[in-house]
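Trainee: Here are the chains, one letter per residue:
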Amino acid sequence: MVAVAMNSVANQPQSSTAAKGGLEMATKDDSSDGLRFNRRNFLRTTGLAGLAETIAAPVELAAQSTPAAVGPGDVPVRLNVNGRQIDLMIEPRVTLLDALRTRANLTGNKRGCDRGACGACTMIVDGRSVYSCSTLAIEVQGKQIRNVDGLASADQLHPVQQAFCDKDALMCGFCTPGFIMASVALLEKNPNPTPEQIKHGLDGNICRCGTFSRIFEAVSSVKGGQRG
Amino acid sequence: MANSEFDWPAKPSVLGTRINRLDGPDKVTGRAKYTFDINRPGMLYGRIVRSPHPHARVVSVDLSAATRMPGVKAALLVRDFSGSQNNRVMFQGDEVAAVAADTEEHSIDAARSIKVEYEVLPHVTVVDKALDGTAPAVFTGGNVRDGRPAQAGDLAAGFAAAAKLVEGTYSTQVITHTCMESHGTVCEWAGDRLTAWISTQGINGARENFASALGIPQANVRVLCQYMGGGFGSKALSVGAEGLMCAKLAKAANAPVKLMLDRKEEHLATGNRPSAASRIKAGVSADGIITAFDAQSWGTGGAGATADFPLPYIYQVANRSRSHKNVFTNTGQQRPMRAPGHPQGSFNTEIIMDELADQVNMDPVAFRIKNLPPEAPNAMWRSYLQEGAAEFGWNKRHATGDKTSGPIKTGMGVSINTWGGGGRGPSPAHCEIASDGGVIMRLGTQDLGTGTRTMVAVITADALGLRPSQVRPEIGDTLYGVSALSGGSTTAASISPGIRVAAIKALDALKEKVAPALGVDAASLVAAGGRIQVENDPSKGMTWADACKQIGPQPIAADGEWRAGMSSTTTSGVQFAEVTVDIETGIVKVTRVLVLQDCGLVVSRLTAESQCYGGVIGSLNFALFEDRILDRNTGQMLNPNMEWYLLAGMSDIPRIDVRLKDQPERGVIGLGEPPTVSTAAAIALAVRNATGVTMRSLPLTPARILGAMRQAKG
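Line by line, the protein sequences give chains L and F. When we follow this note's numbering, the leftmost residue of the first sequence carries the number 1, and every step to the right adds one. When we follow this note's numbering, the leftmost residue of the second sequence carries the number 229, and every step to the right adds one.
Keep in mind the hints are simulated off the structure, nothing from the lab. Be aware that a few hints might be false.
As the list claims (entries may be wrong) - Calculated cross-link-like contacts (lysine-lysine; reagent style DSSO-like; alpha-carbon spacing at most 27 angstroms):
#: 1; chain 1: F; residue 1: Lys-239; chain 2: F; residue 2: Lys-739
#: 2; chain 1: F; residue 1: Lys-741; chain 2: F; residue 2: Lys-239
#: 3; chain 1: F; residue 1: Lys-941; chain 2: F; residue 2: Lys-392
#: 4; chain 1: F; residue 1: Lys-817; chain 2: L; residue 2: Lys-199
#: 5; chain 1: L; residue 1: Lys-199; chain 2: F; residue 2: Lys-637
#: 6; chain 1: F; residue 1: Lys-941; chain 2: F; residue 2: Lys-631
Bear in mind the structure is a predicted one, so any value in this text is a computation, not a measurement.
Isolated chain L, as found in the complex (with noise of 0.2 angstroms):
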C-alpha cells in the first residue's frame, strides 16, 4: 500500500558525509501532488522513531484519491518507453525498472541496491530523474519514460555518452547507465551548472569502481547540452 505512494526521485542531495554527520541539506522535491517520496531522504530525516507516524500519513492521503484497487494477478500495464509505446502484462508489484528489464529486453539501466539508495536504475520520467527501482510500473503510466536503451540515436553517441568515453568516466560500467540518465537530466534542467550543483546533482548515484573524478569532468565538459 505505502509502495504505491512513494514514487522515488533521484538525485536529492545525499552524500555520505551530510547523512553520517546527521547534516539535512533542503530537499528539491518538486512534485506538484505532495504524495512523493525519496525513501533515503524519508529514512534519514524521520529516523526510526518517527517511522510509524509518518507511514500513516501517506496510506491516508493516498486512501483518499485511490482509485479500485488492481491485482492480484497480471494486469495490463502501456508504457510510454524512448517514444515507444510497450503494451505488458505484469503483477502491481512490479517496478518499472523490472517490467523493462524483465519484460521489455530493455536492459540498460541495472539494479544495484533495489532500495532507491545507489542510483544504478535512474531512469527519466516526465523530465524528471527517478529512481526506476523503487517506482512501479503501473504508476507511470501515461507519462513519458526515457532509460538508457534510447538516449543514442543510431550510431550518434549523445553528448554525455561520448564525454564519458572521452574522459574514461567509466570503469566496470554497471552504475554507468544510472550516471549518464541522471547527468542527462541534470543538464537538461540546468545546461550550464556549476561544480556544486554537478556534485548536488549527481549525489544520488554510487560507484563502487571510484569513477567520480572522471565523471566530474565529463560532466562538466558538457555545456548547454554540447561539448565545449
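Chain L is already provided as a structure; the job is to place chain F on it using the hints.
Mentor: Below, chain F alone, put in the same frame as chain L:
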C-alpha cells in the same frame, strides 16, 4: 636477458598513450550485456533461502508448499540436512534451499513459503568475547586459532636502546565488497552440456568448479563473462553456492535459470575484508630509528576463515616480535578484497609511525625515510616521498594539532604501499589476421572493469602499427582458451607478453606474404602507421588493407605465451592526503589526495590512471564510511543495504592528482591493488594532524572523532 624481437618496443606507438576504453560506447549505451542482463527464452528466476540465524541446526525443511506456488518449476535443498553431520548453518545468510519460478516475483514468494525449522544454537559474533573466552564455544577446535608467530633480532635489546616508547591498540573494521553487480549466474543445459554466464573473475576456474561439483567433464562446460559489474576479489575463487544452485535448478527445471543475489545476500554471504587489530609497543631511538616493535594482532574472517595481514608493513625494524590470533565468528566468510591484508597492515603500522615521529620531534616524511628498506626499482618510496612532499606542499604542514582558531581544522598525512602482482605463464594468446584486414586477439581472460579488453587491443595495435579500434579483442569465454583468474593485480602482467608474442608472430607471417609482392626481404619490413613498409624506405610498402589482401582465404594464425623478462613483480607507491575536520560536528572532509605510483610499463595510461582514482576512492570509503555493523546480541547485520552501509557520493570526493611513475624497463606489472592500500592511513594521519588526536580505529565517523576528542580533553 638477451634481446628478442618480442621485447617491449623502445618507441611504442600506442603503448602507454591515452586510449579511450574500447568498450566505453557499449557501456554508456546499455548495449553491454552483463550476466544480470542475459535473458534466455523460457528462462526462470532462481532464489536462495538463507538462514536468518547466525548459528542453528536445521531440523527440517519442507519444500512442498513452495512446489505448489504459482510459476514454481523447481525447489531444491542446498544439501542434505537430515543426518547428524553437516546439518548446521554457521552464519546469517548461510544457504539452505533454492527455488526457481517463472518470474522473479514468484520466485521470491516461493522462497518465502519454504518452511525451515531451526534449532537456534549459541553463536559467537563479538570478537572481544571470543578472545576473552566469554563467548560460547562454537567452532570445533576453538573459536580462536593462533597464527604463525614471527620474531627477528633481540626485542629486549631493542627496547633498551629506545629513547621513547609508544603503545597503542589499532584496528580496522570488516567491510564488504559491495560490487554493483551482485554475484549471479545464468545456467542453460543441453543434455549434459552446461552453458553458464556468470559474473566471475575467473571463467576457467568457474568451468572447473561447475564440472567437478556437477560430475560432468570440463569439456562439457562453457563459461561466459563478457562484462561484469565489479568483483574486487569476491568473485575470484569459486562460483559459490549460488552458482552451483543455479546450475542444479536449471537441470531440475529443464529450463534456463537466472539467479542473481540481492543486496542483502551480497553483504551477508559473498565475502568481506576481515577485521584487523593489533596491540603494539614500539621503541624509537633519539635519532629516529625504530629499535623495537612488539605486536599482538587479531582479526576475524568469519566462520572458519583466517584474518592475517602484514605487520609491521614495509618499514624495517631489526628487533621485532609478532603474534596473531584468527578469531572465528558466526559471520560470512571473508574473501580476498582488493590488496588482501595490505590496507589493514598499512593502517595498523602507519598510525604508530606518526606517533613515534612526534616522540622524537621528526617530520613524518623524514621519519619514514629513515626506516625504509634500501631504495630499489621495486622500492622507490624515498624518492616518491621527497618528490610528493614537494608537490603536495608538505612544508606548509603544521605540527600535530591545528592551532588556528575556529572549528575547521586542517591537516596532512602520508603513507606508503607495496604489492607483488606480477605475471605468470603460460597465459596463451591467439592472433588472427584475415584477408579483409581484420585482426582478432583471442584469449581466455576476463575484464572486471579494469580495462583488460582495452589493454588487449592496445598491445596488439602497437605491435601491428594499427589503431586499437582496428583490433577485435575476444575474451570472456572459455572457448577462447585458458587463462588464469584475475586477482592480485596479475592479469596485465600475465597476459600482456603472450599478446605481444602472438601479434608479432602473426606480423612475421604477414611480412612473408607481403615481401614477394614488394620485391624485398621480409626482414626489412616493419608495421607502422597502418602500413607494412621497408624500415629505411617507407615509400616501399603498402597499406594494411592491401597487405592483408596477400593473405588468401585462410587467415594468418599465430600463438604466443608469457615470456620471462616481459613482466615483473612488486610495485611501490606513496600517497599524501589533506583533510579538514569540523571539530564541532566531527565531520571529516578529504580535500586533496596526491598519488605517486609505479606499475612498470604503462600499457594503457587512461585506464591505469582510473585504477588509481578508484583505489583512492575505495580507500576513502574504508577510512570514513564503510562498516559492517552487527548487533552485539543477535549477531544480525544491521545495515545490509546501500543506504546505511555508507559509501562516498560525488560530494565526498576530493581533488585527486595521479602521478604514474613510468618504469618501462621493468615490463608490465599490474596496478589493481596498490593504489587502494594506503589512502585510509594517510587520511587518518591527516585527521590526527588536524585535531591533535590520534584516531587508532576505522572508520573515522563523526561520533568517533568527537568521542576521541572528548577523551583527549580528559
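Trainee: For each hint, tell me whether it holds in the structure or not.
Mentor: Hint-by-hint comparison with the structure:
1. A threshold of 27 angstroms between alpha carbons decides the hint, and for Lys-239(F) with Lys-739(F) the separation of about 20 angstroms falls inside it, so the pair holds.
2. Proximity of Lys-741(F) to Lys-239(F) is assessed by CA-CA distance (about 26 angstroms); at most 27 angstroms being required, the pair is judged to hold.
3. Distance check on the hinted pair: Lys-941(F) and Lys-392(F) sit about 23 angstroms apart at the alpha-carbon level, within 27 angstroms; holds.
4. Between Lys-817(F) and Lys-199(L) the alpha-carbon distance is near 14 angstroms, which keeps this suggested pair within the 27 angstroms criterion.
5. Distance hint between Lys-199(L) and Lys-637(F) is fulfilled; the C-alpha atoms sit about 23 angstroms from each other, no more than 27 angstroms.
6. A C-alpha spacing of about 15 angstroms is found between Lys-941(F) and Lys-631(F), which places the hinted pair at or below 27 angstroms, so the restraint holds.
When held up to the earlier numbered hints, the structure conflicts with none and fits them all.
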